[in-house]
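Position chain L relative to chain C; hints supplied.
Same order as they appear, the protein sequences are chains C and L. So the first sequence is numbered by our numbering: it starts at 194 and just counts up by one. So the second sequence is numbered by our numbering: it starts at 4 and just counts up by one.
Careful: at least some of the hints might be erroneous.
[To be verified] Just so you have them, the derived chain L footprint on chain C, three or more residues with Cβ under 8 Å:
1) 322 to 333
2) 362 to 368
[Said to hold, decoys possible] Simulated pairs of lysine-lysine, DSS-like, Cα-Cα distance not exceeding 30 Å:
3) L/308 to C/373
4) C/679 to C/706
5) C/486 to C/316
6) C/282 to C/464
7) C/696 to C/375
8) C/316 to C/401
9) L/176 to C/537
10) C/537 to C/657
11) C/282 to C/316
12) C/464 to C/373
13) C/486 to C/243
14) C/657 to C/373
15) C/243 to C/679
16) C/404 to L/308
17) L/176 to C/375
18) C/464 to C/537
19) C/706 to C/685
20) L/176 to C/354
21) L/308 to C/706
22) C/354 to C/316
23) C/641 to C/679
24) C/706 to C/373
25) C/401 to C/375
26) C/375 to C/657
27) C/404 to C/282
28) L/176 to C/401
29) C/373 to L/176
30) L/176 to C/641
31) C/375 to L/308
32) C/679 to C/373
33) L/308 to C/641
34) C/373 to C/354
35) C/375 to C/354
Since the hints were derived computationally from the structure, they do not count as laboratory data. We treat Cβ as the ideally placed atom computed from N, Cα and C, and that holds for glycine.
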Amino acid sequence: MTEVALATPPAGTPSAAGPASLGTPVMANEGVFLIHGLGGTQYDMGSMHKRLKNAGFVTHSLTLPGHGTQPEDLAGVTAEDWIAAVIAKYREVRDLHPRLHLMGMCMGSLLAAVLAQREQHNKGNLVLLAPPIFIDGWATPWYRVLRPMMYLVPGIGRTMKIEEEDPYGIKNEQLRAIVKAKFERGENFHYRWVPLECIRQVDRLRAKVMKAACDIRCPTLVVHAREDELTSLASANFLVEQIGGARARMVVLEDSYHMVCVDNDREIVAKSVLEFFGAALPGATSALANEPKMSRSDLEAAVTAALSRLAGGDFAGLRELAIPDLTWVQPGTNRVSGAHTGKKFVAFAGRISEGNAPRFIAPGNPVFNRGVALVPATLVATREGANLQSQGALLFAFHGGKLLEGRWFADDVESEDAFFGAPDVESSGTARLEEAFENAAAISKTLKATPDNDTLLALYSLYKQAGSGDVTGERPGVMDMINRAKFDAWDKRKGTSRSDAMKIYAELVAQLKNGEDGNK
Amino acid sequence: MRQVIVIFLVAAAYIGLAGLSAALAYSSLDAWSVWLASGLTLGLLLARPRTSWPAILGGAFAGAAIFATLIGSAPDALGYGAIEVVTAFTGAWIVARMTSLPIRLERPRELAALVFGGALPQALLGALVAAVWNVAAAGGAGTATFRFWALSNLIGTLLVAPLVLAWAQFRAKRSGGLAMPAFVGGGIACALFLVSVYLLFRAGPQHQLGGNVGRGLIYVPIVFMAVLALLWGLRGATLAAAAAALIALCYTKLGSGPFAGIQGYLGDPELEVQAYAAAVALTGILVAVLAASQRLAMRIARDWKTRFEAAIGAHRLVAYEWDPASGRMVVTGDTAQLLGVASTQIAMLADWLTLPVAEDRERVAARFEQRALSASVQDTLAFQIRGPGGPALAVTDEARAIFDHDGALHRIVGIVRVAPAGNAR
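Excised from the complex, chain C in its bound form (with noise of 0.2 Å):
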């Protein structure tokens, strides 16, 4: 537990251990060192992060100079300044890990492959994701050819934008839609032009991969779309043949653009990543919980921590001590029935836990196999006058300290049915309430003024307290002043129910667009 609670550094953030030199333990899990592409954030990645967290894996990310900040900041940026970057950070977290895996989309693979190739890494497995040795996708415009000579032209690299423009890579129209939407209001997920400078030193990169390439060690895999229009399929053909076909693996996606990560087939990706790596998607009956990576005491604390928060109805408190994408299986065809995983296990925990929520209780001696563990209970729960006592079996399953799902098997499911109720096809009270919640989390991105402090403040705490529930993790310290606000905000909510807080954001949300209305 203390070795992977050390191993969850945030994303995006430099590690909170220090160099490996300094004589810092080395973890048990494997980690995943993931580089980002060119004017991209982590967001290029897609839930790559917490697919991987979920599997067991430390993930290290870090922000490519000239990025995270605003285009013009590229400028002056070079090939070099990114690859010391990456090649800092790989020493960094080298040795915290018995395996590191590279892994980089569009630029970031360019970077991960001299990265592998310099380094001769051979630590753990390699993934190039869409990586762009020639620019020749269907979509890139005639003058891509030109460039070579606008390069010569003094002072317009700094100057000239290249823009990001439709279809964005991606083929999913909603999620292009989504992107588009988010380019208009400005977020900072993705530089909406790069400086043509930047260009051209992708391509000195470009011509360092293909390079290098035949000097790659490691096992490596090439996720490349069919459909690319940035690059077609051919970079991934050339990198396979260079790299060698024993070593080198290719996944051919048909149904997305560029950003893999993010399309159609990111579940493909997902899986083949997650595969290539030697994991399985988290689960009961998945090859993590066969290799806890627990000791017997590890597990035992575990498991008496969840019942302790099960006894006292507390589902949502569950989540602190699992994967982010927990699930809890309900047996039977009720309310509350049904298998539910990340974001849905959050509105289930806020329903079965409204008025007086079931609780587990009179827990048997656990029976443990590897990172399973089955425990005798009792399910109690009083609703509308009636009382439940329900009994059964809970299973749990571990991996790496933390909890991949949990399960309920119920003796006499039928006598649940009928307690919790047939669940409605019309949206019940709080369904509605999600629905109007969900509404007015959509409105509040499109109010056209930005509210002062205090109501953002406001607005964000309610929607924490309404996902998550109350505050958890460690106040942030006085430097970081705007986290240490949202935490204090959020910190104020607690206690406040879920429904409750759904319906103050909901209302919030409606007074400010309604305000913004009055005042056409």
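Chain L in isolation, oriented as in the chain C frame:
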């Protein structure tokens, strides 16, 4: 400082285009076949925000005045500058009344505004002032001045203003611009277009393609122009049209080409070649604008579809339209995700009836039959389907009838709400 730079650049470009126009002038007639500089001023006014107008007009005024001085009309320099500013401003003002600025030339309405609100009034107003001035100050021929001024301005504006408007929108893109295959196709069409114009105009009419055959083949470049406008869009079309016009005007001035030495129905060769250049340019621009308007319509439709599908998808809804007469069914929504079947696989009611679980299937079929027979205005039906994940899903089908003008049943349309997994009864 920025304003000064704009004034300087506009004046320099103005003088350059004016010089080119002068090179194409018929010295024997003391007349201009084309006045390209006027198109520059109007094009910039329509392409740039109003805050840039003073600098643009200042540059045009300076350019016109300097050029007049350079060709020996120093006493009239301020007058030429004033005419340029007033006519261009008037044209831009009328266009702004007809459509919103800046113009993108993506709609026929914008092209009409440019031609009839911008180019034509600018040319006519300038010609009127120049003719009156010529008669009053020098006792010259007012009619001839009016004609040459109006036509040369109109042709120049039609050639240059769309060019400026098209290229003002140019932005280098990482992806999404004119792709290489279209560029190559358009390049071939452009080469054929320019070569055909060159061949038509390079030789005297008596030597060319067997006497008057050349005159009979002047339509050929227009075909290539249409193809290139489709492939290259407005930027390519305006560029090629300007190049072709220069070739045609230049050779005609030199006494070559199908119009040289022939008294056509318009009277003079220079008039005929002006009309020809305008026709070629307008054809290209029109085709490009129509293609752009079609792309715009498709973009709007796609955005609408995306919004609609996002809305019904978020509510776990599927919409259908059923024609009781033919049994055909059209289903909209993310059926693959919600029902486990692609919408393309549901073409008939029979396909739809494969979705309910076995115990509900007969009931659903009977209800559809009843809907067709009774033509009741509305009907709600709840049943279960075998969902994509395996377990049954509860769905509610809210149907409405659509009647024709005579009250006869036309279609049954419905919204199907799919409950989340685990909520089956």
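- Message: Check the structure against each numbered hint from earlier and tell me which ones fail, lowest number first.
- Response: Failing hints, ascending: 9, 16, 22, 25.
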